[in-house]
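Guided by the hints, dock chain A onto chain Y, whose structure is given.
Protein chains in written order, with our numbering: chain Y, 1 to 32; chain A, 1 to 198.
Bear in mind the hints are in silico, worked out from the structure with no lab data behind them.
Okay, the calculated bits of chain A under chain Y, using three or more residues with CB under 8 Å as the criterion: (1) 23 to 31; (2) 59 to 71; (3) 165 to 179; (4) 182 to 189.
No farther apart than 25 Å at their CA atoms in a straight line, the calculated lysine to any residue pairs in the SDA-like style are these: (5) Y:Lys6 to Y:Ala29; (6) Y:Lys6 to A:Val15; (7) A:Lys183 to Y:Ile25; (8) A:Lys183 to A:Leu39; (9) Y:Lys19 to A:Val181; (10) A:Lys24 to A:Ala56; (11) A:Lys14 to A:Asp52; (12) A:Lys157 to Y:Val2; (13) A:Lys24 to A:Ala108; (14) Y:Lys16 to A:Gly32; (15) A:Lys14 to Y:Gln14; (16) Y:Lys31 to A:Ala137.
Not everything, but these chain Y residues come out facing chain A in the computed CB check (under 7 Å): (17) Glu21; (18) Glu23; (19) Ile25; (20) Arg28.
For each residue, glycine too, the CB sits at the ideal point set by N, CA and C.
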Amino acid sequence: MVWRGKPFAGAAGQRKADKFEVEGINVRARKP
Amino acid sequence: MPIDAERLREEIRKVYTDVAHDPKRGYHFHTGPEYAAELLGYPREELALLPDSVTAGFAGVGNPLAMGRPRPGEAVLDVGAGTGMDTFLAARYVGPAGRVIAVDMTPAMLERGAESVALTGMRQVEYRPGLAEALPAEDASVDLVISNGVINLSPDKDAVFREAYRVLRPEGRLQIADIVVHKDIPPAGREDIAIWTA
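Just chain Y, with the same shape it has in the complex (with noise of 0.2 Å):
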């Protein structure tokens, strides 16, 4: 995981984004 951020913030949804603990993440990965 390379970032983690809050993507709701001030948005209409962050209400229901922060009752599930909503979290937004970069991640990658390689095939091997």
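Only chain A this time, still in chain Y's reference frame:
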């Protein structure tokens, strides 16, 4: 009772049809280039090079390309490309010798994408209709798979990852941005389409 996948897809299509037609209306989630720059770290100067038809409808939740840019000549596939902000940024990086396959299941997004290809002249971008769970690409045909705020909307995430693996070449990269929950959603919530889409 598990969620009805096709009904979920129809509800998602409705939301994103609205985003395609009226990106600045205001949704439960943020949209647009200002949000992308301020909250997600997209470089403003690069966003400024893209037309409004591409950036205004951006509805991602992270920044897949911040983890590594594709190289000139590479093939990229964007799962759930939407209006294509990540797609067209990738297209700038791969250049005319590369290609970017923009997959989306919403007809309005496919139309908007085709218009943006014509507007920008970036022929390395090709919009293809398809599902994240059944990607319209051949085995081992792309160097990089990206996705931004899409996989959370799939009721079969295993299938999405199997498909990403299938289309990637050996040593290919998967770079995704998405949302996760740290608090379990109760069964009734998992069956509520409104929880999925808003």
